[in-house]
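Taken in sequence, the protein lines are chains F and P.
Letter by letter, the first sequence follows residues 1 to 268 of our numbering.
Letter by letter, the second sequence follows residues 1 to 840 of our numbering.
No wet-lab data here; the hints were simulated from the structure.
The beta-carbon is built from N, C-alpha and C at its ideal position, and this holds for glycine as well.
A couple of the hints might just be wrong.
Stated by the list, open to error - Examples of chain F residues lying across from chain P (beta carbon under 8 Å, computed):
1) S20
2) G35
3) L74
4) G119
5) G122
6) S126
7) L127
8) A146
9) R154
10) R208
11) G253
Stated by the list, open to error - Rough simulated footprint, nothing fancy, chain F against chain P, three-plus residues with beta-carbon under 8 Å:
12) 654-663
13) 753-762
14) 807-817
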Amino acid sequence: MRAHLLVLAGVFGLLGCAESTLPVESALTDYRVLGIVADQPEVGPDAQVALTAVDFDPEGRPAGYVWSACFYSLGSRAKFQCADPSLEIPLPGAGPTTVLDLAALDFEARFEAAGPLVGLDGQVLSLDTGVDVTIGLTAGIPGQRATRMYKRVRVRRGDAPNRNPTVTGFEVEGELRAGREVTLRVTYGDDTPETYTEVQTGRAATERLLVNFYADAGELADRSPFDESLPDTTWTTPDEPGPAVLFAAVRDGRGGLTVLRRDVDILP
Amino acid sequence: MNRALLCLCLLAPLGGRAQDAPAPAAAPAAITPPVLETFVEAPYPPAALEARREAAVIVALTVGEDGTVSDVEVVEPAGDGFDEAAVEAVSRFRFTPARAGDAPIAVRIQYRYAFTLTEVVEEKAAPTGRLEGRLVEAGTRRPLPGLIVRLPALGLEAISDADGRFAFEDLQSGRVLLRVEDPEYADLEDEEEVVEGQATEVRYILERDAFGDTVTVVGRRPRKEVVRRTVSVQEIRTLPGTQGDALKAVQNLPGVARVAPGFDGDRLVLRGGGGSRAYVDRHPVPLAFHFGGIRSTVASALIEDLDLYPGNYGPEFGRVNGGVVDVRLRDPRTDGLHGYAEADVFDAGALVEGPVGDGGLAVAFRRSYIDGVLAVALPESVRRRFSTAPRYYDGQVLYTRKDGPHDLRLLLFGSSDRIIVLSESAQGGFVNEWAGGLGRWRHRISDTLTHELSASLLVSQENGRFNTDFERNVELARLTLRDDLSLALSPSLDLRLGLDAELAVGTFLLRSQAGGFPREGEAPPDGPPKASDAEIVEVTEDLLWNTPAVFAELEWRVGKLKVLPSLRLEWFGATEDVAVQPRLSARAEVATGTTVKAAAGLYSEQPGPDDLSDRFGNPALGIERTWQVSAGFEQQLTEALSLDVTGFYKQFQDLATRVDDPAVRLANQGEGRVYGVEVLLRHDLTSRFFGWLAYTWQRSERRDRPGEGYRLFDLDQTHNLTLVAQYRFTPTWEAGLRWRFVSGNPYTPAVGAVVDSDDLTYVRLDGEANSGRLSPYHALDLRLDKHWVFETWRLTTYLEAQNAYNRENVREVGYSYDYTASESQLDLPIIPSFGVRGEW
Numbered sequence: 001m002r003a004h005l006l007v008l009a010g011v012f013g014l015l016g017c018a019e020s021t022l023p024v025e026s027a028l029t030d031y032r033v034l035g036i037v038a039d040q041p042e043v044g045p046d047a048q049v050a051l052t053a054v055d056f057d058p059e060g061r062p063a064g065y066v067w068s069a070c071f072y073s074l075g076s077r078a079k080f081q082c083a084d085p086s087l088e089i090p091l092p093g094a095g096p097t098t099v100l101d102l103a104a105l106d107f108e109a110r111f112e113a114a115g116p117l118v119g120l121d122g123q124v125l126s127l128d129t130g131v132d133v134t135i136g137l138t139a140g141i142p143g144q145r146a147t148r149m150y151k152r153v154r155v156r157r158g159d160a161p162n163r164n165p166t167v168t169g170f171e172v173e174g175e176l177r178a179g180r181e182v183t184l185r186v187t188y189g190d191d192t193p194e195t196y197t198e199v200q201t202g203r204a205a206t207e208r209l210l211v212n213f214y215a216d217a218g219e220l221a222d223r224s225p226f227d228e229s230l231p232d233t234t235w236t237t238p239d240e241p242g243p244a245v246l247f248a249a250v251r252d253g254r255g256g257l258t259v260l261r262r263d264v265d266i267l268p
Numbered sequence: 001m002n003r004a005l006l007c008l009c010l011l012a013p014l015g016g017r018a019q020d021a022p023a024p025a026a027a028p029a030a031i032t033p034p035v036l037e038t039f040v041e042a043p044y045p046p047a048a049l050e051a052r053r054e055a056a057v058i059v060a061l062t063v064g065e066d067g068t069v070s071d072v073e074v075v076e077p078a079g080d081g082f083d084e085a086a087v088e089a090v091s092r093f094r095f096t097p098a099r100a101g102d103a104p105i106a107v108r109i110q111y112r113y114a115f116t117l118t119e120v121v122e123e124k125a126a127p128t129g130r131l132e133g134r135l136v137e138a139g140t141r142r143p144l145p146g147l148i149v150r151l152p153a154l155g156l157e158a159i160s161d162a163d164g165r166f167a168f169e170d171l172q173s174g175r176v177l178l179r180v181e182d183p184e185y186a187d188l189e190d191e192e193e194v195v196e197g198q199a200t201e202v203r204y205i206l207e208r209d210a211f212g213d214t215v216t217v218v219g220r221r222p223r224k225e226v227v228r229r230t231v232s233v234q235e236i237r238t239l240p241g242t243q244g245d246a247l248k249a250v251q252n253l254p255g256v257a258r259v260a261p262g263f264d265g266d267r268l269v270l271r272g273g274g275g276s277r278a279y280v281d282r283h284p285v286p287l288a289f290h291f292g293g294i295r296s297t298v299a300s301a302l303i304e305d306l307d308l309y310p311g312n313y314g315p316e317f318g319r320v321n322g323g324v325v326d327v328r329l330r331d332p333r334t335d336g337l338h339g340y341a342e343a344d345v346f347d348a349g350a351l352v353e354g355p356v357g358d359g360g361l362a363v364a365f366r367r368s369y370i371d372g373v374l375a376v377a378l379p380e381s382v383r384r385r386f387s388t389a390p391r392y393y394d395g396q397v398l399y400t401r402k403d404g405p406h407d408l409r410l411l412l413f414g415s416s417d418r419i420i421v422l423s424e425s426a427q428g429g430f431v432n433e434w435a436g437g438l439g440r441w442r443h444r445i446s447d448t449l450t451h452e453l454s455a456s457l458l459v460s461q462e463n464g465r466f467n468t469d470f471e472r473n474v475e476l477a478r479l480t481l482r483d484d485l486s487l488a489l490s491p492s493l494d495l496r497l498g499l500d501a502e503l504a505v506g507t508f509l510l511r512s513q514a515g516g517f518p519r520e521g522e523a524p525p526d527g528p529p530k531a532s533d534a535e536i537v538e539v540t541e542d543l544l545w546n547t548p549a550v551f552a553e554l555e556w557r558v559g560k561l562k563v564l565p566s567l568r569l570e571w572f573g574a575t576e577d578v579a580v581q582p583r584l585s586a587r588a589e590v591a592t593g594t595t596v597k598a599a600a601g602l603y604s605e606q607p608g609p610d611d612l613s614d615r616f617g618n619p620a621l622g623i624e625r626t627w628q629v630s631a632g633f634e635q636q637l638t639e640a641l642s643l644d645v646t647g648f649y650k651q652f653q654d655l656a657t658r659v660d661d662p663a664v665r666l667a668n669q670g671e672g673r674v675y676g677v678e679v680l681l682r683h684d685l686t687s688r689f690f691g692w693l694a695y696t697w698q699r700s701e702r703r704d705r706p707g708e709g710y711r712l713f714d715l716d717q718t719h720n721l722t723l724v725a726q727y728r729f730t731p732t733w734e735a736g737l738r739w740r741f742v743s744g745n746p747y748t749p750a751v752g753a754v755v756d757s758d759d760l761t762y763v764r765l766d767g768e769a770n771s772g773r774l775s776p777y778h779a780l781d782l783r784l785d786k787h788w789v790f791e792t793w794r795l796t797t798y799l800e801a802q803n804a805y806n807r808e809n810v811r812e813v814g815y816s817y818d819y820t821a822s823e824s825q826l827d828l829p830i831i832p833s834f835g836v837r838g839e840w
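Based on the sequences and whatever the hints tell you, model everything.
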């Protein structure tokens with residue numbers, strides 16, 4: 001297995017040797033679901049979790065939403081395929097929010113009834129170490145290509161559940177005039193990042209916060225994966241004055257996600 | 001009236017010219033050329049004598065292991081009866097046979113028989129003095145054996161010995177004209193003073209006048225394998241596109257898939273698939289190339305030649321079910337202090353060698369300066385991401401000593417590749433380092449029994465990481481032990497017995513996304529590996545791999561038929577499998593210049609640590625097996641032109657493939673098949689030209705689960721054509737080209753994506769595995785070399801243009817972040833480069 005090559009390929013992919021004409025992820029030019037935010041990314045086996053799809057359409061069109069949950073998904077490698085169809089259930093609501101009511105769904109009993117299940121690392125799953133319920137969302141503008149998105153909600157007995165990052169500010173530093181370079185910056189609360197114990201290794205760790213910025217106009221600086229943990233970036237404002245929408249999505253790598261929106265007016 | 005000039009301008013051990021190769025110019029000839037013992041004077045053709053016409057006839061002849069001459073053939077005729085007279089006389093020559101080490105070998109040489117009208121001095125003057133001297137090559141100071149030194153006025157001649165020395169006894173005092181003529185060297189004519197009662201010592205530096213070495217070895221050892229292809233350093237030294245790197249040159253041979261340059265450019269994929277291994281003196285090295293194929297990790301100047309076995313290799317190799325490359329090092333020079341210093345756009349290196357005690361010692365070192373180049377070429381925003389920019393170095397210390405029947409070799413060597421990314425927001429990098437030693441003792445116990453014992457110990461670390469999402473670290477101490485016994489049971493029967501044991505001890509750490517890395521047929525990652533914490537899996541294991549093997553091979557010769565049945569027994573400790581691997585090969589010369597050949601055998605390979613780990617793979621996996629079959633023929637078309645056609649079939653069994661069960665993950669359930677034909681049309685190195693045309697047609701298919709349909713391997717390249725040509729216009733100017741046409745690689749297209757909200761990444765949805773194919777690759781590489789030859793050293797510069805007509809070859813298909821749009825990502829554009837090398 002030539003694993004190191006994967007690292008090298010990624011590292012040198014950052015050099016940007018060739019110009020690409022492909023669409024840029026940070027440019028919101030069409031309908032986009034930016035993420036699913038759970039009010040609690042980690043909960044107990046009888047909890048109720050509110051889920052919200054953060055989406056944006058430059059044309060402001062109404063979107064459709066279909067929610068579901070799988071109690072035993074095979075993970076991203078298997079494209080979140082639900083291992084057992086009997087463990088996949090629809091969630092209520094046709095709007096951008098829904099609720100996962102584990103108690104109402106009798107999650108714990110279903111989990112136990114399914115017998116010993118093996119996790120992605122080959123180990124037997126346990127509610128003491130955590131079991132992921134995978135939320136599925138299909139969203140889109142009617143008549144157009146839909147987006148299929150997944151989010152894990154970790155179900156675990158015990159204390160100190162993970163929380164979404166606390167983002168106290170999303171600021172624009174600089175003059176909001178057409179064609180200018182300004183800085184976008186997020187700031188975190190005192191409780192962010194959190195320290196926690198890794199499930200796999202039992203080691204103490206500190207969350208590494210990663211930030212994605214989006215804009216529906218102007219141009220955001222190209223941010224490689226090496227820059228994702230930087231809380232700021234450069235935005236070149238549009239050449240024409242008018243309204244613009246900015247987003248910052250902060251994730252903690254453990255399922256915690258906070259998405260902030262900022263609407264600005266660009267002056268001449 | 002007639003005189004002869006010996007010219008060992010082409011010396012070729014018999015049995016497989018198509019796979020043969022020349023010896024390196026800087027190396028002392030591994031072959032001891034034949035020495036003419038009995039010269040037969042040809043009658044001067046009467047008509048020519050009457051017309052006072054002089055001429056020279058160049059003939060090719062075979063000098064057998066017993067020194068007799070056969071198969072005399074006129075290469076450059078002179079007419080007027082000269083040809084017949086020369087053939088008749090040369091046929092009765094006797095030689096001291098050529099030797100490879102201590103063993104006499106049959107060789108093919110050329111001989112220039114000169115007919116000159118020189119008045120014979122009927123009575124020599126009274127003996128009064130001695131003239132002795134030495135012939136060496138300008139620039140390299142290499143001794144020149146086998147050249148004729150003539151004193152035309154006296155009708156005397158002498159042949160230089162292995163050390164280039166010659167002597168004339170009992171010469172009358174006074175001035176004497178001396179002449180050396182050889183097709184390989186500029187004519188030399190000089191007058192020397194012979195002093196009564198004294199020895200006059202002279203030293204002549206001859207300037208090379210033609211291509212390559214005097215001795216061109218085109219198949220040093222008797223052939224036994226059906227598909228061994230040998231490349232010598234001399235042959236590829238100026239090959240365009242390889243920067244003079246011997247290992248890179250193997251990519252131009254049939255059966256070798258083209259791999260795009262990059263960080264997996266060092267992959268050696270032979271005959272469509274299966275594992276492959278690189279060896280140095282039959283001991284494996286952890287990393288054959290720096291940074292994906294930029295340069296091999298062993299200095300080419302220390303390489304004598306290398307053998308490529310794309311399949312059906314002998315029982316002395318194992319542990320892979322694909323093919324093998326075996327690099328053989330040369331002995332350091334012992335005829336004085338020599339060396340070189342060289343530099344090109346990638347790196348700079350130097351080598352010093354000379355006699356030490358009773359042996360020879362060579363020390364070589366090389367370091368890249370890509371980091372320095374990038375520091376200038378890259379924009380600051382990118383440059384600041386590296387704490388250690390890409391850099392590599394390697395070094396070798398080689399000592400050899402021969403003492404009668406004993407031959408001792410000690411090698412210390414190591415290599416380091418390192419790139420570290422350390423920005424304020426991320427960490428990542430790659431380290432691949434290894435170092436160790438290799439010792440070999442060969443003892444020729446008798447004419448019929450040879451014993452060779454060798455061992456190597458290498459310590460290596462391979463580490464790749466990116467932030468906390470991914471790390472793979474393998475640290476190994478690998479001991480390999482080989483013990484070979486060769487016994488001639490009878491004139492027609494040889495027996496080879498061997499032990500080939502490997503013991504590796506170390507640690508393995510892998511922290512990555514569940515499921516590990518993409519496997520054969522799965523799309524490669526589009527960026528650095530990362531995963532949500534929910535899917536991060538980490539495993540740390542101690543490794544203890546012991547794979548002892550014993551083998552036996554019989555070589556049975558009946559007339560012109562050679563049959564080699566063999567058996568290799570191997571224990572794979574990690575999987576607890578015993579592999580019984582029978583192999584059989586045969587060659588037969590069915591007509592003059594025509595050899596047919598066939599081979600079949602079983603090969604086994606153990607899964608790697610990732611596949612055997614209990615969280616990413618399956619510790620219950622067994623070995624993978626491959627049946628390999630080859631058959632074909634070799635045809636000598638002309639003295640220099642040969643054709644080799646080989647068909648092959650490989651059947652893979654028990655391939656480790658994915659299972660949709662997190663508790664199992666992998667199982668030995670895959671199978672595959674590869675079939676095709678390889679063609680090599682080769683023009684051996686002659687005075688001005690060499691080149692080859694290599695073509696492979698093949699199809700490689702596999703299925704990962706029983707009942708599935710077959711799909712293509714990742715590097716299924718239907719057509720692979722390489723044309724290599726090198727021509728020396730003058731003694732100091734030469735030019736070369738390489739043109740390649742290769743079918744585009746298959747790829748797995750993306751048909752969409754789902755979004756992982758926890759990572760904010762798009763997870764691609766794959767279409768049918770390897771159902772797409774890139775457009776064909778073709779490119780022309782050009783190279784121009786200029787040499788300046790001084791008395792004691794030589795300077796070479798070269799200019800090279802890779803992809804000279806700037807073909808926009810597609811490297812891969814790139815996708816937008818959401819996999820809704822795609823574009824072709826191109827391979828390297830035209831790349832000019834240059835280099836300089838001074839050697840003494």
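For this session: Apply the coverage criterion to the stretch 753-762 of chain P and chain F: a residue qualifies when its Cβ sits closer than 8 Å to a Cβ of the chain, and three qualifying residues are needed.
Result: Since 7 is at least three, the answer is holds.
Problem set entry | Proposed interface contact between S20 of chain F and chain P, which counts if any beta carbon pair is under 8 Å | holds, 7 Å
Exercise. Counting residues of the stretch 654-663 of chain P with a beta carbon closer than 8 Å to any beta carbon of chain F, are there 3 or more?
Worked result: holds (count 4)
For this session: Identify whether the interface hint at S126 of chain F stands, where standing means a beta carbon of chain P within less than 8 Å of its own.
Result: Cβ of S126 of chain F sits 14 Å from chain P, so the hint is violated.
For this session: Confirm or reject the coverage of the stretch 807-817 of chain P by chain F under the rule of 3 or more residues with a beta carbon closer than 8 Å to the chain's beta carbons.
Result: holds (count 4)
For this session: Classify the hint on G119 of chain F as holds or violated, based on whether any CB of chain P lies nearer than 8 Å to its CB.
Result: Since chain P brings a Cβ to about 6 Å from G119 of chain F, closer than 8 Å, the hint holds.
Problem set entry | Evaluation of the interface hint that places R154 of chain F against chain P, nearest CB under 8 Å | With Cβ-Cβ at 7 Å, under 8 Å, it holds.
For this session: May I ask you to test the interface hint for G122 of chain F with respect to chain P, counting a Cβ-Cβ separation under 8 Å as satisfied?
Result: Holds, about 5 Å.
Exercise. Taking the closest Cβ pair, is L127 of chain F under 8 Å from chain P?
Worked result: violated, 15 Å
Exercise. Do the numbers back the hint for L74 of chain F, that is, is its least Cβ distance to chain P under 8 Å?
Worked result: holds, 7 Å
Problem set entry | chain P contact restraint on G253 of chain F - CB to CB distance below 8 Å | The hint holds - G253 of chain F has a Cβ within 8 Å of chain P, the shortest such distance being about 5 Å.
Problem set entry | Interface restraint verdict for A146 of chain F against chain P (beta-carbon cut-off 8 Å) | violated, 10 Å
This entry does not satisfy hints 6, 7 and 8, going by the numbered hints stated previously.
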